Amino acid sequence: MDNVCQCTDSNDRQSNAILYNILNRENYKSSHNNTNYNFMPRRCNCEMRRTVCLKSPADICQEASGVLVKTIHFMRNLPAFNQLPLNDQLSLLQSCWGPLYILGLAQEGMNFDVVDTPADSMLKRILLNSQESSEMEREQPTLAGVNKLKACLKKFWRLDLSPKEYAYLKGTMIFNPDVKDLTAALFVEDLQQEAQHALREVVQPLHPADRGRFAGILLAASMLKTITPNLITELFFRPVIGQADLLDFLVDMLFKTCTEPAHGDFQEDLTDMHCTGETWHKHFTRHNFELYCLFF
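In terms of full-length UniProt numbering, the sequence shown opens at residue 1 and continues consecutively.
No lab work stands behind these hints, which were simulated from the structure alone. Bear in mind the structure is a predicted one, so any value in this text is a computation, not a measurement. The hints are all genuine.
Each computed DMTMM-like pair below joins lysine to aspartate or glutamate, with the alpha-carbon atoms no more than 20 Å apart:
| # | residue 1 | residue 2 |
| --- | --- | --- |
| 1 | Lys150 | Glu108 |
| 2 | Lys225 | Glu189 |
| 3 | Lys70 | Glu108 |
| 4 | Lys154 | Asp113 |
| 5 | Lys148 | Glu234 |
| 6 | Lys148 | Glu108 |
| 7 | Lys150 | Glu63 |
| 8 | Lys148 | Asp160 |
| 9 | Lys150 | Asp59 |
| 10 | Lys155 | Asp210 |
| 11 | Lys164 | Glu201 |
| 12 | Lys148 | Asp113 |
| 13 | Lys70 | Asp248 |
| 14 | Lys55 | Glu234 |
Pair ranges (Cβ atoms, derived):
| # | residue 1 | residue 2 | range |
| --- | --- | --- | --- |
| 15 | Ala244 | Gln193 | 34 to 42 Å |
| 16 | Ala215 | Asp252 | 31 to 39 Å |
| 17 | Arg158 | Val179 | 28 to 36 Å |
| 18 | Asp210 | Pro239 | 37 to 45 Å |
| 19 | Glu189 | Gly242 | 32 to 40 Å |
| 20 | Gln62 | Asp252 | 18 to 26 Å |
| 21 | Leu186 | Leu90 | 13 to 21 Å |
| 22 | Leu90 | Arg158 | 32 to 40 Å |
Glycine residues also receive a C-beta, built at the ideal position from the N, C-alpha and C atoms.
Please take these sequences and the hints and turn them into a complete structure.
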């Protein structure tokens with residue numbers, strides 16, 4: 001993606017940036033004394049460069065965290081997923097958590113608003129560059145990225161998927177045989193095909209007159225990969241986890257031993273579901289997903 005600013009006066013804006021005024025104090029003082037507004041810092045209006053943050057972070061971050069918990073528990077309670085080699089589970093988690101989370105946002109109908117990142121926050125990051133180099137290296141959420149995320153959510157809302165459709169679609173996203181270095185790639189491919197077959201079978205009776213619905217769902221799902229996990233992390237979780245790596249939290253959530261339901265509506269026996277040693281694809285049944293649909 002080309003992140004070059006498309007504003008017609010981008011060159012002028014670069015010379016009027018906050019950092020430029022700091023480094024050129026003489027010009028800044030002169031302009032201040034003469035009330036020359038040409039030297040006042042101006043925000044770039046280009047969506048590609050316009051950084052944003054949540055308008056109501058306290059409420060939205062809490063709601064977003066709840067969706068994340070449900071997302072990880074959906075994966076953890078899939079018997080077929082649990083029986084994959086540990087390294088494969090980690091690889092699939094890293095690959096699919098972003099798209100899976102967006103599906104969770106869509107299913108929960110979670111809406112949110114953003115505002116421009118405060119200028120003083122950007123200035124602070126500049127001044128603390130030597131101490132917060134890792135923070136500076138992270139790509140901040142842009143208006144373009146947020147608009148793409150919202151467009152994706154609206155597409156799923158227009159489709160108005162049922163809980164079963166969401167569950168089977170999540171299965172197609174989790175079991176991705178294209179992830180590199182999978183030990184059980186062939187089994188993962190079988191699981192994805194089973195998920196797609198189950199999705200098609202549930203779509204047809206629910207929407208017999210809409211012959212293009214299955215293709216429309218897959219087309220909407222293709223948009224999920226265009227939204228980076230970094231955008232999700234920085235927008236919804238950076239205010240909560242600080243400098244920590246979100247993936248570390250996801251791994252802990254996925255593999256920790258759970259003695260209590262993680263959500264008030266969860267049935268305790270869901271956390272005890274495990275495979276009994278049969279082939280993986282036999283455990284990827286519609287019955288499994290229908291159970292999870294009740295709670296997610």
